[in-house]
Amino acid sequence: MPIVFAPLNIELRIVRVLVDDKTKKHLESLGVTVNGNIKVLSSSGGSVVCFVKDGKIALDSNLSTKIFVA
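The numbering of the sequence shown is our numbering, which starts it at 97 and goes up by one.
Note that these hints are calculated values from the structure, not bench results. Treat the hints with care, as some may be off.
To be verified - Using 16 Å as the maximum straight-line C-alpha spacing, the simulated EDC-like pairs for lysine to aspartate or glutamate come out as follows: (1) K149 to D116; (2) K135 to E107; (3) K162 to E124; (4) K149 to E107; (5) K118 to D150.
Stated by the list, open to error - Simulated DEER-style distance windows between Cβ atoms: (6) G141 to D117: 23 to 29 Å; (7) V115 to K149: 14 to 20 Å; (8) L137 to D117: 25 to 31 Å; (9) D117 to S138: 27 to 33 Å; (10) G141 to N105: 23 to 29 Å.
Backbone N, C-alpha and C fix where the C-beta goes; we use that ideal spot for every residue, glycine too.
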């Protein structure tokens, strides 16, 4: 499921990231990698705030529909 529909405060595994190579490299540098763990802290209007590794990141509605978790 896309991360925008994920439940809050539950540790999830990233299974797919459907973005171009440049964006994928940037996300990987932030810790958003396939088989990595991510936790949704809040979701509002398609935007999502997530906890990845040791920090928080904010994803806009465009990116939050292209990151799939299980």
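Here is how each hint holds up against the structure:
The straight-line distance between the Cα atoms of K149 and D116 is roughly 22 Å, outside the 16 Å bound, and the hint therefore fails. A threshold of 16 Å between alpha carbons decides the hint, and for K135 with E107 the separation of about 5 Å falls inside it, so the pair holds. Restraint check: the Cα-Cα separation between K162 and E124 comes to about 14 Å, which is no more than 16 Å; the hinted pair holds. Between K149 and E107 the alpha-carbon distance is near 11 Å, which keeps this suggested pair within the 16 Å criterion.
At roughly 23 Å between alpha-carbon atoms, K118 and D150 are farther apart than 16 Å, so this suggested pair is violated. Checking the proposed 23 to 29 Å range against G141 and D117 shows it holds: the Cβ atoms sit about 28 Å from each other. Range check, V115 to K149: about 19 Å between beta-carbon atoms, so the 14 to 20 Å window is met. In this structure the hint that L137 and D117 lie 25 to 31 Å apart at CB holds, the actual value being about 28 Å.
In this structure the supplied range 27 to 33 Å holds for D117 paired with S138, their Cβ-Cβ distance being about 29 Å. Here the CB-CB span from G141 to N105 is close to 19 Å, at odds with the stated 23 to 29 Å.
This entry does not satisfy hints 1, 5, 10, going by the numbered hints stated previously.
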